[in-house]
Structures are given as C-alpha cells and as structure tokens.
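Participant: Given the structure of chain D, go ahead and fit chain V onto it with the hints provided.
Chains as they are written, first to last, in our numbering: chain D, 1 to 391; chain V, 1 to 52.
For the record, the hints were derived by calculation from the structure and aren't laboratory data.
Note that the structure is predicted; figures quoted are calculated from it, not measured.
For each residue, glycine too, the CB sits at the ideal point set by N, CA and C.
Any given hint could turn out to be false.
[Stated by the list, open to error] Ranges of calculated distance between the beta carbons of each label pair, as one might list FRET restraints: (1) V:Leu27 / D:Lys34: 34 to 42 Å; (2) D:Thr71 / V:Val35: 44 to 52 Å; (3) D:Lys353 / V:Ser47: 42 to 50 Å; (4) D:Gln219 / V:Ile31: 48 to 56 Å; (5) D:Gln216 / V:Ala23: 21 to 29 Å; (6) D:Lys77 / V:Leu27: 50 to 58 Å; (7) V:Ile24 / D:Ala210: 27 to 35 Å; (8) V:Gly12 / D:Phe9: 52 to 60 Å; (9) D:Gln216 / V:Ile24: 25 to 33 Å; (10) V:Arg43 / D:Thr71: 51 to 59 Å.
[Claimed, not checked] For lysine to any residue, the following SDA-like pairs were computed, each having C-alpha atoms within a straight-line distance of at most 20 Å: (11) D:Lys242 / V:Lys41; (12) D:Lys34 / D:Phe279; (13) V:Lys41 / D:Gln219; (14) D:Lys242 / V:Gly16; (15) D:Lys329 / V:Trp30; (16) D:Lys242 / V:Ile24; (17) V:Lys38 / D:Ala115.
[As the list claims (entries may be wrong)] In silico negatives: residues of chain D with every beta carbon more than 10 Å from chain V: (18) Phe20; (19) Val132; (20) Pro215.
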Amino acid sequence: MFGLYESAFGALQPGNILMFLIAGLLIYLGIAKKMEPVLLVPIGIGIFMVNLPLGGLMTYTPEGFPVEAGTLSELIKSIGEGKIGLLNVLYTYGIESEVIPLLIFLGVGAMTDFAPTIARPISFLFGAAAQVGVFIVFLIAHLSGMFTINEAACVGIIGGSDGPPTVYLTAALAPRLLGPITLVAYAYMALVPIIQPPIIKLLTTKKERAIYMEPQVRQVRRLELILFPIVIFIAAALLVPKSVPLIGMFMFGNLLKASGVTDRLAQSAGGVFIDVLTFLLGITVGALMPASVFLRPQTLAIIGLAVVAFICSTAGGLLAAKFANLFLKKKINPMIGAAGVSAVPMSARVVQKMGQEANPRNFLLMHAMGPNMAGAVATSVVAGIFLGMLM
Amino acid sequence: MIDWGLVANIAGGGFGLTILVLAILSLVAWIVGLVIRKTTKEREGSSSEDNK
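Next up, chain V with everything else stripped away, as it sits in the complex:
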C-alpha cells in the first residue's frame, strides 16, 4: 500500500530541502569569494602605497 504522506514528504520535502541546501552553499561560496577579493584588494592597495 502506498503511504501518500511519506511519499509527498520525501518528494516535496526532499526537493525543497535540496533547493535550500544549495541556496546556502551558493551563499557560502559568494561570501567566501567576496571576503577573499576584498582582503586581496586591500593588501594589494596597501602594498602599492608602500611602494610609493
């Protein structure tokens, strides 16, 4: 017999969870990229001022 509740929970909940997890991973990747780019730019900026 088909357990409709369980099937709906796995299909709907599973897909929703997939979207949520990947959205969080997307956010994490974006933040890491942003921080690295900013810190690298600052470092490059300060080293070019030192050279002056």
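Isolated chain D (complex conformation):
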C-alpha cells in the first residue's frame, strides 16, 4: 500500500469478517450477559487475534493445525524468523501437552465440596446415567459420516458438560476440533438453565417435582472428606488407568481443601491460579478458530449435536433417579438426577429453582450437588474409557 509497508486490509477475507462478528458476540455475551466471562471474553479476543490477517500471533499448517513450537532452541529461532507466534507457544506447551486443562482440574478440585456425594453415594449412579448423552451423540456423530471415530468421541463428551475433561480428550484425540468443541461445550454449560427445565418438565409430573426432601444431607465427618479423594482416586485409577491424569489432579486439588492444613494452597489453586489458567486456555482456544478452520459444516454439526447430548444426558440422570425411586423406601426428588450433568453448579441451581417452584418448602441444592459432583467424576471416567479404547 505504501511502498514496502503492507497493511492488513488487502488480506481480509469475508470469513475473517464473519469471525469478527462471532468474536464480538462472545465478548458481548461474556461482558453484558455475564455468560462464562472468564472464558468467553478471552476466546473472543483470541478469535480476533488470529482473524486479523498478517498478525502472526498464531501460524497454521496448510491443514489448519497450529504449527508446533518444537524444542526450546527451535522455538527461539522460529519466533525470531516469524515462523510461529506467541499463541503457538501457548498451544504447544499448554494445550497440546495437556498441562493447562489438568491444572485447571486441580483448581476445580480445590473448590469442590464432596460432602453431598459422600452423604448419598447413590449419586454416583445418577452421574453415570447422565453420561448416556455422551455415548448417544458419539454414535450419531460417527454414523453421520461427518466425524471420524476419534472426533465423534470428542463431540460426544460435550454431553458430560465438564470443561477440563472435554479439552483433555479433544487435545489427545482430535486437536483440529479443539476450538469449536471447547467453545460449544462452555457456551452450552452457560445455557444449562435454558436447556434443562423443559426436559425436566417433560419427564416428570408436578407431583414428582414436589417430592419433599429434608434440607440437610447427613453430617459428613472430616475423616470421610479426607479419605474420599484418596480412595476414589486409587479405585478409579485401578479401574480406568487412562483417567489417572484427570481424576488424579481433581482429587489432589480436593485433598488440598479437605485436609484443612493446606488452606492457602487450596485457596490459591481455586482462586487466581485457576483464573489465569482459564484465561490462557480461553485465548489459546480462541486462536484455534481462524475462519478457515471454524467456518466448516462440522462446526454447525457440533453445535446441533451438543444440544442432543445435553438433552439425552439430562434425561438419563433424571430417569435413573426415577428408577431408583422404585426401590427406595424414602423417595427422592427425581430432579436431582438431572444434576448429574456436571455443569457445576448451574444444573444443581436449576433443580433447586424448579424444586421450590413445585414445592416452596423444598430446598434441593445440597441434594443436587451430590450428583453434580459425581457427574464431574463420571465425565473424567468416560474420558479415560475413550482414551483406553481409542488410543
């Protein structure tokens, strides 16, 4: 344009402009609507960064994969020569290496209170039943012919509604889809209060929704809280070895909290630490969405299939609770099964709200938190099962 100087206007494509609109929408939803702002805002910024041509923050192979940073000596040389950008470094060392999702899960563990799950261990079964959407969508996705078997597993796990296992599995099995899958997973988690209520209403009568449960779950002893993460980790590790990284970090984070002697570590892990990592995850995931990768029919299919996964998972957890009621002397409110979809704590809040609408005396939050936490463990187990079967 000006002799040797080159502006980016000439390189702008219609796809880039469409991606600006998507990025703008995500930033709007994050800031104005407070939908997952810690994640959606950096994803939006990441999308802007990589769709502004010639910026060089992230470079891609012709197939749309981010160029890997390589060894440290290659890294310095590659940055100097402009072959890779800052976000390639974050991608290679943070996401592709799976460090960031695992450390985020450690932080999640440090914020988690397993007392409701310990008080009612049957919660694990509701969490397990709520994974049915993962496998149904895995089937549909693969049979549609649009996704390979590995990619279908990653699309399916969106139904588990748990961020770190989704990112971890996708980084391992289908890194090319990491951008759209992570975006859709987190966006839908924020939409749980809209997606779940109609399904719950459809599958329960008003009488069932009004079933009263005592506000307090049983008192859990400190020793139980301390032993729980250790015992569950060992059992899960023996049963599903590939889930060790996820469950190990999750339970380690929880032990920091439950032990009561590492409060400062637990507060750090669940505070600034997880915020910084989530921010880095967001901006890197955003950078995985140049127009050439994101604007494909597969992305639309992921958006549609994720809704199916959430619906089936909600139904699975809820129907499992209804089934359990056939055998329980003291009936439980079947809505707590729907909280097995581990969008913590949104799905538990949905159950609490709907429970109070049906019966103002009901206070179901703590009862729903049990399946909610069990759902997080279940999704990690599912990720381990997929990895065990597909790698």
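Facilitator: Frame of chain D; chain V shown alone:
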C-alpha cells in the same frame, strides 16, 4: 467405512463400563463412610463409658 462392531463396542461397552465403574466407586464411598461412622461411634461410646 463405518466399523459397526467397533462403534457398538465403544458406545454400548463404554456406557456399560461407565455404569459399572461408577457403581463400584459408589460402593467404595459407601463402605468407607460406613466404616468411619462405626469406628467413630465405637470410639465415642468407649470414651463416654470411661468418663462415667
């Protein structure tokens, strides 16, 4: 080409395995809770007898 056997194995077997693993974890959590509650109660019982 779709390998129906493999897909069915992963979907059906995977979900079945998930239920089985979580059922075992549920059982483990229940047993640990039961043992801790019993031992704590016994300890509390014996300490209250000592006080008498």
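Participant: Each hint needs a verdict: does it hold in this structure or not?
Facilitator: How the hints compare with the structure:
Between V:Leu27 and D:Lys34 the Cβ separation comes to about 40 Å, which falls inside the hinted range of 34 to 42 Å. Checked against the given bound of 44 to 52 Å, the beta carbons of D:Thr71 and V:Val35, roughly 51 Å apart, stay inside it. For D:Lys353 paired with V:Ser47, a C-beta distance near 44 Å keeps the hint of 42 to 50 Å intact. In this structure, D:Gln219 and V:Ile31 break the distance hint of 48 to 56 Å, their C-beta atoms being roughly 18 Å apart.
One distance hint, 21 to 29 Å for the beta-carbon pair D:Gln216 and V:Ala23, holds here, with the actual separation near 26 Å. Take D:Lys77 and V:Leu27: their Cβ atoms lie about 55 Å apart, and the range 50 to 58 Å holds. At roughly 34 Å, the beta-carbon separation of V:Ile24 and D:Ala210 lies within the given 27 to 35 Å, and the hint holds. Restraint check, V:Gly12 to D:Phe9: a C-beta distance of roughly 54 Å satisfies the suggested window 52 to 60 Å.
Restraint check, D:Gln216 to V:Ile24: a C-beta distance of roughly 28 Å satisfies the suggested window 25 to 33 Å. The supplied range of 51 to 59 Å is met by V:Arg43 and D:Thr71, whose beta-carbon atoms lie about 57 Å from each other. For the suggested pair D:Lys242 and V:Lys41, the alpha carbons sit about 38 Å apart, so the restraint of at most 20 Å is broken. Of the pairs offered as hints, the one joining D:Lys34 and D:Phe279 holds, with about 15 Å between alpha carbons and a cut-off of 20 Å not exceeded.
Under the criterion of a C-alpha separation no larger than 20 Å, the hint pairing V:Lys41 with D:Gln219 is consistent with the structure, at around 13 Å. With a C-alpha separation of about 17 Å, the suggested pairing of D:Lys242 with V:Gly16 holds against the 20 Å cut-off. With a C-alpha separation of about 18 Å, the suggested pair D:Lys329 and V:Trp30 falls inside the 20 Å cut-off, and the hint holds. For the suggested pair D:Lys242 and V:Ile24, the alpha carbons sit about 17 Å apart, so the restraint of at most 20 Å is met.
The suggested pairing of V:Lys38 with D:Ala115 holds, with an alpha-carbon distance near 18 Å, which does not exceed 20 Å. Even its closest Cβ contact with chain V, about 38 Å, leaves D:Phe20 beyond 10 Å, as expected for a residue assigned away from the interface. With a least beta-carbon separation of about 6 Å from chain V, D:Val132 fails to lie farther than 10 Å from that chain, contradicting its non-interface assignment. The Cβ of D:Pro215 sits about 20 Å from the closest Cβ of chain V, beyond the 10 Å cut-off, so the non-interface label holds.
In this structure, the hints that do not hold are numbers 4, 11 and 19, in rising order.
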